[in-house]
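Undergrad: Each chain, letter by letter, is given below.
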Amino acid sequence: MIRLDNVVASYRTGRGSINAVDGVSLEIPDGCILGVAGESGCGKSTLMKLIYGDVQSPMALAAGSIEYGFADGRGQPITSQTIRQHWFSRISYIPQSSMNSLNPVVRVGSQFVDFPGADPDKKRVLEQVRAYIGKLGLPVETLDAYPHQLSGGMRQRVMIAMATFFQPDLILADEPTTALDVVVQKDILMLLMELQEQMGNTILLVSHDMGVHYQVTTRMLIMYAAKAVEYGESESVFRAPLHPYTRMLIDSLPTIGDDRARDGIPGRPPSLWQELRGCRFADRCPLATARCRSEEPALVEHRPNHFAACHHAGELLAPSGGPAWQ
Amino acid sequence: MTATRQTAATSADLAAGRATPPSRPRRTAAGWLWLFNTRLVLGLVILAIFVVGSFVLPFFCRVDPALQASYMKNLHASPAHWLGTTGLGQDTLWFLIFAVRNSLTLGIFVGIGISAISTAIGLSAGYIGGLYERLVMLIVDSFITIPLLPILIILGAAIRGNNNFLTIGVIIVVFGWAWNARTIRSMVLSLREREFINMARFSGAGTLDILIREIFPYVSAYLVVGFINTVLFAINTEATLAVIGLSKVEVPTLGSIIFWALNYNALFTGNFVWLLAPIVATVLLFLGLFLVSTGFNAAFASKRGVA
Amino acid sequence: MGVIQYVAKRVGLYLAVLFIGVTITFFLPRLLPTNPIDAYIGQIQSRANGVLSADAIAQLRQNLEELYGLKGNLFSQYVGYLNRVIFHLDFGPSFTYYPTPVSGMILNALPWTLGLLLVSTVIAWVLGNLVGVVAGYFHTRRAATVLEVVGILLYPIPYYILAVSVILLLAYVIPIFPLSPTFPVGDLSLQMVGSIIYNSTLPALTLVLAGFGWNILSMKALAVATTEEPYVTFARLKGTSNWTRMVRYVFRNAMLPQVTALALSLGTVFNGALLTEILFSYPGVGLIMRTAASSGDYNVLYGAITLSILAVATAGLVIDLIYPLLDPRIRHR
Amino acid sequence: MAVILRTEGLNKVYRLGSFTRSREIRALNDVNLNVESDTPVIVSVVGESGSGKTTLAKTLLRLVQPSSGRATIYDRVVAGPGVRGIDKQFLAAVQPIFQNPFEAFSRYRTVDSYLHETAIRVAGHDRAGATDASAKALAAVGLDYADVRGKYTNQFSGGELQRVSIARALIPGPSLIVADEPVSMIDASRRMIIINLFRRLKEEAGRSFLYITHDLATAYYISDYVAVMSKGTLVEFGPARQVMADPQHAYTRLLLDSIPTTRTRWRPRKAAA
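These protein sequence lines map, in sequence, to chains A, B, C and D.
All residue numbers for the first sequence refer to my numbering, where the first residue is 1 and numbers rise by one.
All residue numbers for the second sequence refer to my numbering, where the first residue is 1 and numbers rise by one.
All residue numbers for the third sequence refer to my numbering, where the first residue is 1 and numbers rise by one.
All residue numbers for the fourth sequence refer to my numbering, where the first residue is 1 and numbers rise by one.
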């Protein structure tokens with residue numbers, strides 16, 4: 001169980017500091033795949049950095065704490081202060097599939113052993129990796145190749161191999177398949193799901209594609225303007241979203257075979273620089289009332305294992321498909 | 001003789017001209033404030049002192065400092081001669097002021113010449129491409145590889161024989177445009193692929209419009225920096241030739257002053273100032289030019305959200 | 001294969017550079033208003049205070065034209081010149097040290113120049129880039145800016161100022177090194193090597209200082225850019241140490257453009273070496289060029305220039321051929 | 001039925017490497033496309049990266065010279081042997097919309113200067129007419145001229161800037177607008193604003209679109225016809241609803257199966273503990 005308690009991440013800039021993650025409290029059960037969704041700038045990547053412990057100026061963990069639920073070698077519980085030593089031993093990271101997360105001038109194999117978490121006996125580790133990557137659909141010669149000789153899909157498989165071969169308790173994947181073609185993306189996502197099932201560990205997956213979330217995740221967290229607005233089982237979040245933003249996010253995506261009219265969400269998220277009172281989605285929300293603009297809704301459990309931060313959680317928008325406000 | 005080169009990375013920044021979409025909140029183009037960072041201001045102050053000093057003061061000088069034996073030799077600093085006199089009976093300070101003026105004049109002359117040629121060649125080679133570009137780049141790479149000093153030594157006779165001081169400037173321009181042309185060409189190559197060039201073309205703009213309204217603003221940032229580097233390069237080249245006596249050494253320049261100081265062994269006659277003054281002046285002038293060059297560079301880079 | 005294309009292209013450029021270099025040294029003097037032969041005859045006449053008869057002068061002019069290869073029209077002279085220079089490295093005899101062949105003189109001066117040039121350039125490159133990568137990698141920390149300031153102060157100072165300041169400081173004010181170096185002749189004994197090193201420290205120091213600043217600044221800028229690359233960020237997220245990331249990730253990648261920059265800057269560095277030799281009267285090609293220029297010994301002058309272009313172009317080629325060994329992306333297509 | 005777009009044996013071969021050993025990449029492989037309709041249409045060209053869809057777009061925009069074959073839009077030959085350069089008539093017939101709006105405008109020019117230039121140089125308006133045409137075009141994309149005048153690219157969001165780019169393309173009243181991945185740089189939740197705009201411009205302003213994308217869902221939602229490309233070859237073409245509901249070619253089926261939809265799951269997901 002990973003527990004986030006009122007976590008706040010702030011960025012110090014020339015014009016003062018803003019909270020990119022503004023008070024998020026969550027309990028993430030072990031063995032699940034948690035999807036983190038939201039528009040760009042909603043704080044999902046910052047939250048990932050916080051959980052991974054990649055905190056360096058100008059970003060700082062301004063308040064709150066994170067407990068990881070798994071202990072280190074000596075039985076001490078790991079917290080956000082000590083997680084750094086466990087990078088790529090108990091916790092690992094799959095970067096955005098930008099084309100060059102691998103050192104272009106060094107063979108792929110040597111990048112499996114150049115980090116402290118790896119077992120000092122490099123030769124033995126490479127033997128294990130050589131056997132392991134076969135299962136991930138990578139030819140054995142991959143380890144002796146240079147990154148520019150691999151295709152985008154193969155490079156992403158190498159990243160997944162690197163992040164999983166030492167069986168971490170928690171894997172954070174930040175938009176792992178964004179730059180890949182849709183066919184290769186499916187293989188990579190299926191691979192991730194299989195690995196998670198075998199290892200039984202927890203994966204945090206950030207993606208802007210709700211379709212990817214539906215296919216892969218077992219739990220969903222929706223972020224909006226640095227706040228968590230909905231959190232619950234994927235099935236119930238997708239089938240019966242509580243928060244209007246989640247519903248509009250899902251409704252805005254065209255689906256093949258479904259001819260209902262779709263509309264983008266008008267307007268834009270509020271700038272985090274200005275003084276924000278009440279629900280941050282109020283300006284764009286069709287159900288917004290005076291209460292929404294004055295009193296900020298808390299993340300409350302409206303259904304078993306299904307939380308939402310909205311005073312009108314669950315109320316239906318106008319008949320789906322034909323948004324009343326157009 | 002150092003051809004002061006654009007630091008590879010800063011030209012790479014400019015070459016790439018990576019205009020990553022700037023992060024919001026939106027920044028309006030805040031007038032000229034973005035231009036001034038400490039480096040640039042410091043550099044401009046130094047340059048102002050040198051330029052104003054060397055172009056204004058000569059009007060107050062009664063005696064032509066190049067004339068030898070107008071005063072007693074090797075006098076120490078005194079109210080009449082603030083830096084004493086040289087081993088040839090000239091006032092050291094006035095000689096230095098004239099030297100700075102002549103060097104700067106040469107530098108600016110060559111700067112304009114090289115900037116014009118290198119921009120024309122760099123822009124056309126980068127934009128037109130094909131065989132023309134390959135041919136031009138072959139010549140450019142050869143000119144960069146061939147050391148310039150020996151060629152200047154060959155032409156030494158022409159330099160010394162000719163009465164006009166700027167002949168060496170013409171020679172430096174003829175052989176010195178390659179570096180800038182190469183940088184401008186690589187910048188234009190990367191700009192040519194940028195989408196807004198196609199946008200302009202589909203807005204009805206012709207090749208000339210595109211060169212001037214689309215490409216030139218991006219290249220202009222480098223032109224300012226390139227010009228200053230060329231001034232630095234030109235002064236340096238002439239001075240190097242003068243120091244070894246193969247330039248018109250009777251004309252006071254930052255190089256010829258040191259040539260006379262060495263040849264009339266300022267060291268042994270204890271006349272340190274005669275050698276020290278030009279060293280300090282040259283270092284300060286070059287430092288000023290360099291600070292302005294990198295200051296401009298940083299300012300332009302930050303304006304385009306690249307820094 | 002990537003490497004063959006790379007090498008073929010680079011050798012092609014090398015030959016073109018040589019050809020253009022030789023052509024320049026052929027045509028330039030002929031464009032000059034002063035004709036070397038008149039200058040030489042003038043010298044002879046002044047020495048013989050005008051006693052030479054007219055036909056003796058005509059005969060002398062005839063031989064000189066022969067010696068200078070000024071026979072026939074421009075094109076046949078050019079072909080003759082190319083043949084002599086490229087195939088036989090023959091630049092004719094020197095006048096002041098008649099009849100010693102020019103090529104002999106220069107070829108035993110060239111190792112001195114190349115020795116000084118290559119040793120100091122390598123030192124300047126290695127030191128400068130190491131300091132530069134540290135300054136670049138830790139650019140957010142205050143200490144790194146100190147290293148950059150060193151680069152900023154050194155970089156703009158031209159060779160001749162460095163040379164004169166080094167003489168002033170280390171040979172005059174604190175006389176640890178000789179004012180003008182003297183090089184023993186004869187076969188290489190240990191003691192002789194010691195004195196060669198001792199005597200050439202000042203010119204070498206000048207060249208190192210001149211190259212040092214440039215390398216710091218360019219490597220720092222490259223290192224700052226490379227540190228932002230995704231593979232360095234990912235290395236950090238793997239928990240790699242600062243040292244591993246700085247050396248195996250940032251330096252290994254940022255040094256590649258620095259190798260190309262080194263090859264490109266050889267022409268300029270060579271100028272600096274010539275100048276330093278002349279100022280320190282170091283027995284290299286520079287000194288020969290300087291004396292030949294002032295004494296009007298044109299054969300030696302053109303020979304020295306052509307050979308120095310050859311040396312610089314060859315050194316550039318060698319460095320560019322090392323590049324594929326460092327960059328696997330070219331080695332393995 | 002008018003021929004909106006037809007390509008006959010369109011080929012494009014890139015030769016890589018110099019004389020020693022050259023590799024050939026067939027970006028376009030004998031593409032024969034035929035779109036006939038009396039009313040304006042939206043044709044989508046879908047495929048993965050490297051499928052040749054962008055090369056096809058660039059060929060129709062004369063930004064790339066085809067190795068062989070011809071392409072015509074309405075009755076004008078837009079690409080083929082001897083057809084070179086971008087002249088005024090071509091600009092009046094075909095206009096582009098680029099992928100990254102921030103890249104489509106120079107940082108040193110105000111955004112509306114492009115609208116003015118297009119109005120004057122392509123649509124032949126005078127100075128006053130140009131402002132009026134720009135205002136009308138911006139209104140058509142839901143923007144107010146006053147909000148756009150005198151501003152630079154960094155003063156807009158991606159969505160707004162792309163709408164300005166569409167407005168510019170509308171000014172000359174082109175027969176075909178070629179949009180190369182117009183929404184891939186825009187937030188998923190706001191893409192539909194642009195996609196619905198395309199549909200409205202087709203119905204109300206009578207503009208035909210060639211919509212290049214790797215996102216089959218938006219292609220299904222918006223287009224009348226869809227062309228599926230793989231490795232430079234046109235593998236399937238037909239009415240969008242029909243092709244997507246009943247794909248004939250194996251590659252189209254593979255593409256459709258790979259799309260992460262929110263309707264049915266690839267693998268049963270057991271709820272976490």
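The hints are simulated quantities; they were obtained by calculation from the structure and are not laboratory data.
Some hints could be false.
[To be verified] Here are the simulated DSS-like pairs of lysine-lysine, each with C-alpha atoms no more than 30 Å apart in a straight line:
no. : chain 1 : residue 1 : chain 2 : residue 2
1   : D       : LYS202    : A       : LYS186
2   : D       : LYS202    : A       : LYS135
3   : D       : LYS88     : D       : LYS136
4   : D       : LYS231    : D       : LYS88
5   : D       : LYS202    : D       : LYS151
6   : A       : LYS135    : A       : LYS122
[What the hints assert, rightly or not] Not everything, but these chain D residues come out facing chain B in the computed CB check (under 7 Å):
no. : residue
7   : GLY82
8   : PHE98
9   : PHE105
10  : TYR108
11  : VAL235
[As the list claims (entries may be wrong)] Reference listing, derived: stretches of chain C covered by chain B, where coverage requires no fewer than 3 residues with Cβ under 8 Å from a Cβ of chain B:
no. : stretch
12  : 21 to 28
13  : 90 to 99
14  : 234 to 246
Ideal placement from N, C-alpha and C gives every residue a C-beta, glycine not left out.
Undergrad: Checking each numbered hint in turn, tell me which of them this model violates, lowest number first.
TA: Checked against the structure, the hints that fail are numbers 1, 2, 4, 7, 11, 13 and 14, while the rest are satisfied.
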